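Those protein sequences? They're chains G and P, same order as listed. When the letters of the first sequence are read in order and numbered with my numbering, they come out as residues 4 to 412. When the letters of the second sequence are read in order and numbered with my numbering, they come out as residues 4 to 412.
Just so you know, the hints here were simulated from the structure itself, not pulled from any lab data. As the structure is a computational prediction, the values presented were derived from the model and not from experiment. Mixed in with the good hints there might be a few duds.
Identical copies carry no separate label here, and so any pair may be met within one copy or between two of them.
Lysine-lysine pairs mimicking BS3-like chemistry, simulated, CA-CA at most 30 Å apart [to be verified]:
| no. | residue 1 | residue 2 |
| --- | --- | --- |
| 1 | Lys291 | Lys340 |
| 2 | Lys291 | Lys97 |
| 3 | Lys280 | Lys340 |
| 4 | Lys280 | Lys97 |
2 protein chains.
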Amino acid sequence: MSIPSGMIHPDEARQIVLDSISQLPSESVPLTNAAGRVLARDVVARYDYPAFPASTMDGYAIASDDVSPWREITGVQIAGPDLGLTVYPGQTVKIMTGAPLPHGADAIIPIEMVEQADDHIVMPDEAVQPGAFLRQPGSDIRSGQTLITAGALITGVELGLIATMGYDTVSVSRKPRVAVISTGDELVDPGSDLAPGMIPDSNRYSLGAALRTMGAEIVHSSRVGDDVRELAERVTSVRDDIDILVTSGGVSVGDKDVVRMLLGESAEVKFRRVFMKPGKPLTFALDKGLVIFGLPGNPVSSMVSLELFVRPAINKMLGRHPLVPDRVSVTLATDIKPSDRLEFQRVQVTVDESGRLLASSTGNQISSRLASMLNANALIVIDAGTETIPAGTVVPAILLDLPRSAGTK
Amino acid sequence: MSIPSGMIHPDEARQIVLDSISQLPSESVPLTNAAGRVLARDVVARYDYPAFPASTMDGYAIASDDVSPWREITGVQIAGPDLGLTVYPGQTVKIMTGAPLPHGADAIIPIEMVEQADDHIVMPDEAVQPGAFLRQPGSDIRSGQTLITAGALITGVELGLIATMGYDTVSVSRKPRVAVISTGDELVDPGSDLAPGMIPDSNRYSLGAALRTMGAEIVHSSRVGDDVRELAERVTSVRDDIDILVTSGGVSVGDKDVVRMLLGESAEVKFRRVFMKPGKPLTFALDKGLVIFGLPGNPVSSMVSLELFVRPAINKMLGRHPLVPDRVSVTLATDIKPSDRLEFQRVQVTVDESGRLLASSTGNQISSRLASMLNANALIVIDAGTETIPAGTVVPAILLDLPRSAGTK
């Protein structure tokens, strides 16, 4: 199906977004504030790890070539400072998991493998191999090795490795600063009385929460009526503090003149309509480093557009990899009717007993119906067309949350 | 394989944890602070939504039984306050997407389907169906309907629905307050010089970050040496402020006497050793509402134990559903060697072209090697045994992060 003039394919739109945006500068943060941030520089091992031969068991450190049938216990080395003990022939040092190997020893016998007396142990009949129950220096991590590459999201595991390498600060990308402004004469704040024709503003909250999980900092969030002048004033008051302006609905920000009014003569509208459902009207504009997304007002359209276009933009600013979430294959559990545009349908993906991903529709896909996203953990990508796509067909999907077992719920 | 005396099966251990813990009280938070929290009460629709018949297109509001070939445009109704316009025979009102339907009209004709003149439109030949391009009151949401059940994590979508129902605050469970204390004479703060035998403390950071993503609030985080008295003083100083104490490594908190020293005579050790790998030594104890987890010191053991036992505990306190993450079926991409205990192996799960989940090992599974968790997005659950499990076998897995496409990386 050909794309009508004035519209562009969502893949092309996303590429324009990515090509228009640069990575933000990095900043240094202490370990305790680094979780959830994106690593700006590779983490390289500063030393071998472990740095010393360490016992992997509670046991006795011995020399494996010593043939004495029993060994005098001459000391105890716990995990902690190396006490500088030495194991001489006929001797052993009691040792704990993680403790450094005493001089003269080259193997560990676990406690459960020896007979212990007050001041000595009786050796087992079997020979002990050199290196037994020892972690050798560098066996986990080699000095100079790249442990984590720039662009990784820092979770507990990354943080643990960074700490293990003795770093107390981390270089991360600055968070993109975002203003969210919902527009529309029909909107009131949630909790206010609803006069006929009015609805509570919801996009401001849902977009703000989603943007935060994408790694953005929300520095401004407000609501204006369908008044370009009012919106322009609002934008002027925040534009020096933000990297991205996200608007939803109401005022037709797709109009070139409106964008000029908002941003000035230098503003450039890159696209205004995308060949997709939900979310056809979608403005992307640039002005001297400021990125503007004019999202549609329908709640589902705005959330899907955010996922498809704003998330990659934020990833690019953060230098986060992958820039664009993978599309994975899923099998349709039910027939699907395509629409006249490329469609991102909300589905619930589960895993069947054989380990296959199955996609079931979350019901009526009308773009005003936010409930269709409630139990959705994926968007399936359905080409424009007229023929029903039968259950059993494998289609691409963008996963939004973990798939659950088909047996549950 | 039978379980040695003194150990219990991980499923039994988890059940003991769940049975020992109660849900925390709820609190009311404003919409802007509700994302990431767990809903404490069902969200019930207070009214039909939409509350009024609304246009789904920019177009013209008409009476479908009016046979006039053209209609005079008598007004404009945008999305916003209902202007109280009426459509009489021979007339129409221009209407915008989301706007309330004027009196006397029962259908919308989209702009692209009519011929427009200055002050009138020419009707198409085809009849217009009553209700065309209208969202009827209650078509998305019915008053009284339960929209979101208690126990749901509040993300952008939930927040949008809560706002749409006109609520400006949300009832959420209080966050579990947690103290994390790492123990061991071998530990120094990251960034300090490493004398022989010493290693940087990493667990405190990785456990803290993971606990936060589970929904906990970290109110205390510190490090002590292998000194029960020092640890007891630390615990005494924080115990009134916390719901959960998490320790890692070093001091043998599994010892009944040690727990008594820490918590007092009323303390009760529920279990000390779990038949699993990694993480066999794992203490779970209770004392007058305080929950204590003594995690093993090896970084992988502590992170896996946290996932398997502390996450369900936090979920129970939050009333979050599901309490225990689903196990889903995945197909082994490589042969797997089981161990002498039930094992949770770190794997990378990808999706192949047919939509099947494939699990590949992340390498050496020694429990000190945190790097084995670096690219792991799942734990596969492998029963104790001696026979190699061949590639192609379907095994249960706990997903920790989204699976990616097998084609990438």
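Consistency of the hints with the structure:
1. Within a single copy, lysine 291 and lysine 340 get their C-alpha atoms no closer than 43 Å, and across copies no closer than 58 Å, so neither meets the 30 Å cut-off.
2. With identical chains, the CA atoms of lysine 291 and lysine 97 are never at most 30 Å apart, being 68 Å at best within one copy and 38 Å at best between copies.
3. For the homomeric pair lysine 280 and lysine 340, the shortest alpha-carbon distance inside one copy (13 Å) is at most 30 Å, but the shortest distance between copies (48 Å) is not.
4. Taking the shortest Cα distances, lysine 280 and lysine 97 sit within 30 Å of each other only across copies (25 Å), while inside one copy they are farther apart (69 Å).
Hint compliance for this structure: hints 1 and 2 are broken, all remaining hints hold.
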